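Student: So the sequences go chain by chain: S and P.
The first sequence begins at 1 in the working numbering and counts up by one.
The second sequence begins at 1 in the working numbering and counts up by one.
In short, the hints are calculated from the structure, not lab data.
Everything numeric in this text was worked out from a predicted model, so none of it was measured.
Be aware that one or more of the hints could be misleading.
[To be verified] No more than 30 angstroms apart at the CA atoms, straight line, and that leaves these computed lysine-lysine pairs for DSBU-like:
1) K262(S) - K332(S)
2) K473(S) - K222(P)
3) K461(S) - K75(P)
4) K47(S) - K461(S)
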Amino acid sequence: MRSHSAAMALLAALAAGVAAAGCTNNPYPQADRDKKVLYSSFHDAPKTLDPAVAYTTAEHVITGNVYDTLLEYHYLARPYRLIPGLAVSVPKGQDLPDGRQTYRFQLRPGVLFHPDPCFPPDATGRRTREVTAADLAFALARIADPAVNSPVIGSFAQIEGFADFSKRLEDLRRSDKAFAALPIREQYAKAGGIAGVLVHGGHELQIVLSQANAQILYWFAMPFTTPVAWEAVAAYDGKDGRDSFADHAVGTGPYRLALYEKQFRFSLARNELWYGTLSTNSDAPGAVFPTEIDPKDSIEGRIDPAYAGRRLPFVDRVTFYREREGIPQFNKLLEGYYDDGGIIKESFDAVIQNGRLSPAMRARGMRLDVTVEPSIFYVGFNMEDPVVGTPAGERGRKLRQAMSVAVDSRQYLELFLNGRGLPAQTLLPPEIFGYDSSYKNPFRQYDVERARQILADAGYKNGIDAATGNRLKLSFDTSATTAAASLQFEYLANSWRQIGIDVEINATTYNQFQDKVRHGAYQIFSWGWLADFPDPENFLFLLACENARSKNGGPNTASFCNAEFDSLYHQMKYLPNNARRADLIRRMLAILERERPWIELYHLEEFVLSHAWLVNSKPMGISYPAYKYKDVRPELRARLQGEWNAPLRWPLYLVLCAIVALTVPAVRTYYRERL
Amino acid sequence: MHWVSDILVVLLASAAVGVCRYVSGDRFWRENATELWRRRPFAIAIVGAYLLIALMDSISWVDPASDANALTSGKPRTIIDRLFVPETFTEASYSAPLASVAFYGGQPLLHPGAHLLGTDLLGRDVVYRTLKGVRVALLIGGLTSLVVIPIALLFGVSAGYFGRRIDDAVFFAMTVLASVPTLLLLIALIMVLGKGTVQVCVALGVTGWVHFCRIARGETLKLRETDFIAAARALGVRDGTIIRRHILPNIAHLVIITFALSFTALVLSETILSYLGIGLDGSWGQMIDQARNELSRTPVIWWNLTGASIALFTLVLAVNMIADAMRDVIDPRTRREG
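If we strip away everything but chain S, and leave its shape as in the complex, we get (with noise of 0.2 angstroms):
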C-alpha cells in the first residue's frame, strides 16, 4: 500500500505543478514589463540593412531609425512638408547662369556615429567619431558605385558627373586588378570622386545638378543618402568571418540596431550619443516634438498636446517579433502584446462597423487611424496593341473609356478590401500636390448604360465587332495565380463582360509575365505604385513616353506615348509647387482622362489601430518609420494585459479532475487485482 500512496502522491503534485504553471501568456521578460518599451511586429525579414540599398518597408523600419538624413518630413504637417534634420537648414536651390542648380546643406557640428568596434578609440575610451560632409559624399559615391548595386542610382543621375564617377570607377576595376584590391574610400578617391557633389570644410556638402530640380531634396530625405561611416564600410566586408555591411548598421539615428535575428527579431536601443541630446541641438526641429498640433489630431487622441517642444527620444527601447501570419500576430494586438498594428481582412468586419471602430473595440480604448497611402492601383493598357491601344485611333479610345465607366472601384474595395481605399479619379491621391478633391473624373464614374452607349459608338455595339460580326475578345494578364487575385480579376472580367466584352485572364509566373511585356504581347494589365516621396512628378512620371516600358524598359508597362503630356511634363517635372505646376498638371491630367492609358482604381489607405497607452502615433502614409516621435504608458499597458489575460483555469481543472478519475479506480483496480 506504500507504493500506491506514492503513486497518489506523485499524481498530486504533478497536478499541482501543472496548475501552477502557465498563469500567463506574456511573451516577454517580467523585467521589461515597467520599462518604455514599444512592442511591434514584421511580416518579411529585411534582406539588407545597407542604406544605399535597403528600399522595403520592412528594411526602413531599421534604416529609418538607425540612420539619420540631412532632412525629414515633419511628422504632423499635411501635406507632407520637409524640416531640417542633420541638416542646419532646408537648403534654397541656387539657379546657376547656364542652367544648373547647386544645394548647399550645412550639417549640424558634434554629430557623432554610433559607437562600434570599427573606429579606433578616442581621447574619452569611446569608439565613435563626429559625422563630416566628407561621410556624406561617401554615401553619395556609394550610390553610384556599380558594385553597390543601389537600387536608386538612377534618381541621382543629374547630379553633374554622377554617372560618369560610376562609369570611370567600373572601368578602373575592370582594367586596373591593384586599383581593385584598394580599400573603398582610396578607390572613390582615386577615381576623382562626383564632380557635382563638393565638400566645403568639415560641414558643409554642395550638390550640383545638371538642370534645376527641386524633387532631389526628397531624395536627402531618405536613408539612401544618410552619411556612412568609411570605417564600417571597410570593417564589415562579410570576410573571414566579419559581419556584412548589410547586417550591421552603423548609423547616426536616435536609436541604434541592439539586436538584429532578421528571421526572428530585433531591437532598437536609444543611442544616448544622438545629435538631438546635445544641448546646442535644443532647438533642432528634428529632435523635439512639434508644437504645431493639429487640433483634430490632440481632439481625437491620437497626439497628446503636452509634447509639444518636448525633446526626442521618448521610447528607451523598440522590438520587432516577426509574424509570419496575420491571425496571431492580431491577436497578440488584441491581447495587448503589440502596441500598434493592421487589422486582418478576417477580422476587419468585428473591429470596424460602420466606419467606426466596433464598441468592443472602443472599450478597449483602441483607436483608429486612417491615412490615405500615396499610392495608385490601376489597370493599365498596352497602347501599343492593335485593338486597345493608340493604333486603334478613336476607336480604341472609345473602348479604353467605356471600359473604364464599365468598372466600380467602389464595389471593388468594398469585395476585395474590406472598403480601405479611395475610388481614384486620377492617379494622383490626396496629400500630394495637383490632386483635387472636388475633380470627378468622367470616365471613372460608374454607369453601365453609359459605358454600352461608349463601347456602341466605338463600333462594339453589345461587344459584337460591326466590321467582323465576331465579339471582342481581349485578353487580361496577370503575374498572380493566388485564389484570392484571380477573384479580383474575375471581378474586373465580369465588370467589362456586362457590357458585352469578353475578357480572358491569363494567369502566369512573373517571368512568363515579365517577358509578354518586354515582347508586348499582352493588352490589359493590373498594377500598383507606391510614391517615394510626396510629389506629382513621382506619379506623372508613370506614363512619361521617355519611361516607356517598349521603349526603354521603363516604368511605364502602358507605353503610353503622347506628344503632348510629354511636353507638360517636361515643363512640370522640376517645379517647385506652384500655380504654373498645378495648371501644368491640370492638363496633363485632362489628356490621361481623354486617352485612359489607365483605369485609376484607388489609393490605398492605411488602417492603424493602437492601444490607449501608445501616445503620438500619428500614420504617415508614406514609407517613414517615426519611433523617436512615439510613447508609450508601461504602467497602463501592463494593468490593462493583465486584465485581457488573466489565466481560464477552469477547463485545466476539468481536465485534471477527469484524469484523477479515470486514473485512481485504474490504480485501485491494478493494485488490487497485483496484491
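Add chain P to chain S, keeping to what the hints say.
Tutor: Below, chain P without anything else, positioned relative to chain S:
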C-alpha cells in the same frame, strides 16, 4: 470550339452505349454488373447523377446574337448554364444559404431565398459553381486515367512478360519516378507544361502510372508461368498475340478496379493542386482554395467550403464504394456471396 466538346460528348456517349450493349451480351460481365448493382445501388445512382450533370455541362450551343442580352449572345451555353442563368442569377457579394438579405450590410437580395447554398464573394450561386465543378472532376479523373492505364499496361505487361533488359529498364524508371516527391514533380511539370485541363491531366498521368504498372507487372509475371501461356508458347503463338488474347483479358479486372481507385485519387490530387494555385479553373479545389480565408472571418462564411467539400466527398465515397464492390465481384479470389 464548343462543337469539339459536343462531338467528344456524343462519341463518349456512343462508346458508353456500346459498352452497355457488350456487357448485356456477355454473360460474365452481365452477371457481374447485376451483382454490382445489387450490392451498391446508391453509389451507382450517385455516380450516374454526377455523370448526368457532367453531360449536361458538356453540351453547349450558341444562341443567335441578340441586342437584348449583351452578356450571353454569341457565347456557347451549356444546359446547366441555361438552367441557372448565372449572368443574372447573382448577388452583389456574399449571401447565406436561403437568405433574403446580403450577408454584409443587410441589403435585400435580388433573388431572396433562392440560393440554396448562398453566394460567394462575387455573388455567384454556390450550387451552380458546385455543379460546374462536377465536369472538371470527372474530366480530371477520367482523362487522366486514360493516360495512366495505357502507360502502366504497356510498361507493366512488357516488363512482366519479356523480363530481362526490358524489366530492368522499366523497373529502374519506376524506382526513379517513385523516389521523386510526387507533389514537387507535379508542380514542376505544370510549371513547364502550363495550366490547362490537358496539361494537368498529362502531369497527373505522368506521375500516377507507377503504382498500377507495378501491379500489372506482378500479375503478368505470374500469368507468364501458367500452363495455358506455356501451351500457347509451345504451339508457336506469337508474343503479341499471347499478350492480347491471354494476358490482357486476365488482368482486365485489375484495370477496372485500378481505374476506379485511381479516379478518386486523381480528383483529390487536383484539389490539392488547386489549393496550391496551379489547378484548374472552376474546380472544387479552386472553390476550397478561395474559401480557406472565409473560415477565419468573423462571422464565419462556411457555405462555399461546404458546397465543394460535400460534392467532392460524395463523389469520392461513391466511387470508392463501387471500386470496393467491383473488387469483390470481379476478382475471383475475393468473390463472395453478398
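Student: Which of the listed hints are not met by the structure?
Tutor: 2, 4
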